[in-house]
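Engineer: One letter stands for each residue in the lines below.
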Amino acid sequence: MDLLPDRVAWYVVGPLIGLFVAGMFALANKPLGASGAYVQTIAAIRRRASEPWRAWYFAGILIGAVLASALQGKLQLRSGYELMLDLWSLPTVVVVLALAGVVMGYGARMAGGCTSGHGLCGTSARSVASFASTATFMSVAIGVTFTLHWLTGGRL
Amino acid sequence: MKLVGLFFGIAFGFLIALGGLNEYEVIHNMLLLEDFQPYLIMGSAVAVAAPPLWLLERRGFTTPFAGRMSPGRSQVERHHIVGSAIFGTGWAMAGTCPAPALAMTGSGAMLGLVVVGGMFAGLMARDYAETRSGVGLADLDLGMRTAPKVGAEI
Numbered sequence: 001m002d003l004l005p006d007r008v009a010w011y012v013v014g015p016l017i018g019l020f021v022a023g024m025f026a027l028a029n030k031p032l033g034a035s036g037a038y039v040q041t042i043a044a045i046r047r048r049a050s051e052p053w054r055a056w057y058f059a060g061i062l063i064g065a066v067l068a069s070a071l072q073g074k075l076q077l078r079s080g081y082e083l084m085l086d087l088w089s090l091p092t093v094v095v096v097l098a099l100a101g102v103v104m105g106y107g108a109r110m111a112g113g114c115t116s117g118h119g120l121c122g123t124s125a126r127s128v129a130s131f132a133s134t135a136t137f138m139s140v141a142i143g144v145t146f147t148l149h150w151l152t153g154g155r156l
Numbered sequence: 001m002k003l004v005g006l007f008f009g010i011a012f013g014f015l016i017a018l019g020g021l022n023e024y025e026v027i028h029n030m031l032l033l034e035d036f037q038p039y040l041i042m043g044s045a046v047a048v049a050a051p052p053l054w055l056l057e058r059r060g061f062t063t064p065f066a067g068r069m070s071p072g073r074s075q076v077e078r079h080h081i082v083g084s085a086i087f088g089t090g091w092a093m094a095g096t097c098p099a100p101a102l103a104m105t106g107s108g109a110m111l112g113l114v115v116v117g118g119m120f121a122g123l124m125a126r127d128y129a130e131t132r133s134g135v136g137l138a139d140l141d142l143g144m145r146t147a148p149k150v151g152a153e154i
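Sequences listed follow chains A and B, in order.
The first sequence maps to residues 1 to 156 in the working numbering.
The second sequence maps to residues 1 to 154 in the working numbering.
For the record, the hints were derived by calculation from the structure and aren't laboratory data.
These numbers were taken from a predicted model, which means no experiment stands behind them.
Check each hint, because a few of them may be wrong.
[Claimed, not checked] Between beta-carbon pairs, the in silico distance windows are:
1. A:H149 to B:F120: 26 to 36 Å
2. A:P91 to B:L55: 46 to 56 Å
3. B:V82 to A:R78: 31 to 41 Å
Cβ atoms here follow ideal geometry from the backbone N, Cα and C, with glycine treated the same way.
Given the sequences, and given the hints that come with them, work out the whole structure.
Structural biologist: Here you go:
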């Protein structure tokens, strides 16, 4: 199927995301944070989740992405990191990505949120910690990306 | 609340994939300052969400699930800055973050699973470190701790 374009314009996607961010605060005073969903998913597996709905939220993100990708005609098995695989072997890429995941998880837990929790929700609710966190991870990520770009001679 | 969570997850995952935010190259180009769509998506989401939140809170709106509306807020502490700097490093390496990595996996990109697995490990490692040191646990944010303090934080 190819009912939806690969990338729908920002002025459609962004405001809709905003409605859901506001909606979850209005329904239950909760930030729609993804790292919190990971934590609660582990907790749910261990049968000690304090917020079980976040595990459902976690599952929902996967389902929603499957649906959208199917409608975009993009649902197919692939690596997702073709650019990186042009540069490094598969085992190297796996190690880099696993390490990146660990670093992200550790940092998000320490900061109390990630791009969604702090970047979208906390900023919408005008939390000072979220403005500071968002400014920090944005500038660090841009700096690290430019460093990677330079280190790989512009191939990444 | 479980169905609400599921519904919001489906909507969020759908929108992330619709915006192409689940593609490594989109986020990589965003962070190379070559693609501004992701910034516009984030900015317009906040621009749409912030005014109604402000208004509802001012009016003393009562939420269906959790009493009077009062989004959690916190002051900046060291762990926010250090944690976000660590997070930003991983974000740049993987070209994806927690929700988009799930959406990436959902679209069939199998290496997304490696990132997701790594994140589980990293989150658990930090949890373990905090439990052992006895520092922070209840004070850290997102209302995802077992014992949120009054006016649970963001």
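Engineer: Now tell me if each hint is right for this structure.
Structural biologist: Going down the list of hints, with the structure as the test:
1. A:H149 to B:F120: 26 to 36 Å: Check passed, 29 Å falls within 26 to 36 Å.
2. A:P91 to B:L55: 46 to 56 Å: Because 53 Å falls inside the window, the suggested range holds.
3. B:V82 to A:R78: 31 to 41 Å: holds, 35 Å
No hint from the list above goes unmet by this structure.
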